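So the protein lines, in turn, are chains A and B. Heads up, the first sequence is in my numbering, so the first residue is 1 and it goes up one at a time. Heads up, the second sequence is in my numbering, so the first residue is 327 and it goes up one at a time.
Simulated from the structure, these hints should not be mistaken for lab results. In this text the structure is predicted, and so the values were computed from the model without any measurement. Cβ coordinates follow ideal geometry from the N, Cα and C atoms, glycine included. It is possible that part of the hints are untrue.
[To be verified] Which chain B residues face chain A? A few, computed with CB under 7 Å, are given here: (1) Met979; (2) Leu980; (3) His995; (4) Glu998; (5) Arg1002.
[To be verified] Heads up, simulated DMTMM-like pairs for lysine to aspartate or glutamate below, C-alpha to C-alpha not over 25 Å straight-line: (6) Lys999/B to Asp80/A; (7) Lys285/A to Asp245/A; (8) Lys999/B to Asp133/A.
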Amino acid sequence: MRPILMKGHERPLTFLKYNREGDLLFSCAKDHTPTVWFADNGERLGTYRGHNGAVWSCDVSRDSIRLITGSADQSAKLWDVRTGHQLHTFNFDSPARSVDFSVGDKLAVITTDPFMGHTSAIHVKRIADDPDDQTSESVLVIKGPQGRINRAVWGPLNQTIISGGEDTIIRIWDSETGKLLNESDKEVSHKKNITSLAKSVDGSHFLTGSHDKSAKLWDTRTLTLIKTYTTERPVNAVAMSPLLDHVVLGGGQDASSVTTTDHRAGKFEAKFFDKILQEEIGGVKGHFGPINALAFNPDGKSFSSGGEDGYVRLHHFDPDYFNIKI
Amino acid sequence: MADVMLMKEIDDTAASLGIDLSQIDFDSIRLPPGEDFGIKSDDEDVYRDENLEFDSGFGNIIVVDNLPVVPREKFEKLEGVVRKIYSQISVIKDDGFWMPVDPETKKTLGYCFIEYNTPQEAELAKEKTHGYKLDRSHIFAVSMFDDFDRFMKVPDEWAPPEVKPYTPGENLQQWLTDDKARDQFVIRAGSDTEVLWNDARQLKADLVYKRAYWTESFVQWSPLGTYLATIHRQGAAIWGGGSTFNRLMRYAHPQVRLIDFSPGEKYLVTCSCHETSNPLDANRVVINFFDVRTGKVMRDFKGTTHDFPLGPGGLPKWPAFSWGGGKGDKYFARMGKNLISVYETETFSLIDKKSVRVENVMDFSWSPTDPILSLFVPELGGGNQPARVSLIQIPSKEELRQKNLFSVSDCKMYWQSNGDYLAVKVDRYTKTKKSTYTGFELFRIKERDIPIEVLELENKNDKIIAFAWEPKGHRFAVIHGEAPKLDISFYSMRGANNTGRISKLTTLKGKNANALFWSPAGRFIIFAGLKTQNGTLEFYNVDELETMASGEHFMCTDIEWDPTGRYVATSVTSVHEMENGFNIWSFNGKLLYRVMRDHFFQFLWRPRPPSFLSPEKEEEIAKNLKKYSKKYEAEDQDVSLLLSEQEREKRRMLKEEWDKWVSEWKRLHEEEKLARQLLRDGEASDEEEEYEAKEVEVEEVLSSHEEVLEYDQE
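For reference, chain A alone in the conformation it holds in the complex (with noise of 0.2 Å):
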């Protein structure tokens, strides 16, 4: 079906996320303002004011109430997802680069980057139930990886943290106490910047993607690599549908070398891979320049990319994408 495109920010998209129920799109761009859409017709509903700086990411509770945002401008900020209220602002000594909700949404994990001789950390914060009791105390800070955090997320009951970024190795953490448990093993992981990571809807396995031109993705608790999807351009973005064994890759050239070739050397498409055999099963072209975000409505039936173009293109299947076989 055709896409729908959502012209709403005045930057490059950065990251985006569905709530639950899906009927949600939450978009972050390096303009200031973080928007919510209707994911079914993309109509915008509102944006959240009040960052200073490019918001890196963003994750929303499972009950559709509350919004974390880590931007560039040192904080992450909990926002009420109805009214845009801010209702508190954690503030940093350097950017803030990936937030995401634990189970239960009473704990998150927010990633800093390197900056004027601080070094890059994950930061474990406590939410309060009410706003008024929320304060900007870490629960626990984890230091220790060089370079960039990109992204860190929960692992099962909260037990771990996994992480990876610029160093190219992912690592597991234990939450409670900030011991390094596992990282992945040199032969086989990563061979440049970890630029994304997502989980399964249950958490059991995740896919990271990379600037070496592939993807993996790791089992939970053991990090044992299962599948290597490789394609032919730095991936940028990743993703995997909750409803058949289908991952999403995008990506693209560097932005600082796009403008220097024809279009058509930076194939800016998000690639369909089977998850399972680890072929390409299709493409979606659209954007004019790579694909820095990407996200699967819970309910598998459409999906969302955003790019550096600043454009978010909403992507409802058409039937016979159910029915792929190869």
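Add chain B to chain A, keeping to what the hints say.
Below, chain B without anything else, positioned relative to chain A:
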């Protein structure tokens, strides 16, 4: 900086030793090299310089013997004379001159040591002054310092050489016996060099041998495909063998930059270019001719860049010597000023001990099969003496044919691969001399008296973009016109009805192509728009005069047919960073498979030696192709069946493996269910994890209206 001494301490030490510091000229103090008496210099450059010296070793030193033995009074005079001789060749290093003196007689010993900055300079000095006559009784004997060790080891008595038992060599042509008749190719990407089979049936490349840092700059196949040559700092090496690649021979040539095989791969020519320490001097060029099998140097040429003009990249124009006389590797030639030097490989010396004198010769080329040279001489004397193209027979140096040409600006010669025809592209001035137009002179070498035909394009002002002979054939293709609208014309030397006259076969108008690639088997040709034209490809059948397919390999930089003409490789090499890799196409333009590799430098098909089949036999096979192809078609079928079987099996395995993971995850997920509910304050629903695609039927009333039907009651 360690241990800085305070000035006061120095004064104190000096005073205690009774030295008046103000009386000492510090510059006159010289410490033996490599010794600092525990005092570290605070000048860091000194350290760096010293390191450099260690690197050079004794290779820079020559020993000059047979000098006059002189008493002390004449020492300085002799030193002056010797220094003068040797500093003419190159700059002698500071303290690089040492003439020992007999401590008893105070006379010199009749030899001295001279050190230069580089081994190349030392080598040059040795060459130039060995045998130099200072006077009648003093003829210099010059040797390298490093050679002394070698000379000392020569045993005094002759011992018969040990007879080594015969060890059968490997079959160097084993790759030709592949039962699937596949071809090999070599690629270089990043630091890896890989040799692969082109397994077109299975649509993939199959690795034969892979090695990191196999070569330091590039690799090259020998012309018959027997060897793969690699380039290293110390020289070149060749590799080959049965199942894998072993090093067969090494050819020592420090800093070798360029190599070239003779067409019959008997000889390997290597070239290096060295900078001299004097920036005004021309760079030195060393060219060695090696026997490929024994590794012996057959002949070397040393000269400067005046003798070997530079081509692109600051290296001598390559090949500096061109091989002729067909596969026998009998002759090679080089153009000099007003002469062409032709050497023969029996003695590695000039034929008849002298070069062929041709005033003002501009260009020459060999027939690919016969010992015939074609050469081009431009107009002389402001048009009084016409330009000419001549054919010269070697070794008789007899002129076979000559053609005078008027108002010529430039000539290019193109030989057909069998040496049957020679096309000379002639650029002539128009009458006003303001512009040029192009025509062709076509020589029929194999016919009596070598008749020449003149061919002019229909539109005389068209520029010629590319010209290519059909390999082993009688046709040629020309791209002409003004970019971007170019035309491609085909001509045949046999004429339409074998009339023996040149005739045009067809002209294709408005093509977007700037390069021509004939299949090595003839008949098929690819028009390609390389580089600026984004890599458009058109596969054309010249027998039927029809386009078989068009394709595109975006940003393609190189195209190479495999030696059999069955497949084509198009590649994007690392001239730019993107899209690096190669595509393999069938001869009729079907894309078979593609491989992407970062930092992709080279793609080379392994050449095949010429077929042993006679032309009659080949024709017979072509006629009865159906009969012969049956067997291979059956094989193809088997392979594809096997492939799909394997594929099914593989998929089944993957599926099973995946199902195992999923059931494990389900179990764990179930186990953790209670704990998860607790984390959610007892919220029981875990349902979001199991989305089900339910089909819901919804009936909607779109519209309704009533109609009264008349009912006839009768």
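Check your understanding: If you check each hint against the structure, which ones fail?
Key -> Hints 1, 6, 8 not satisfied by this model.
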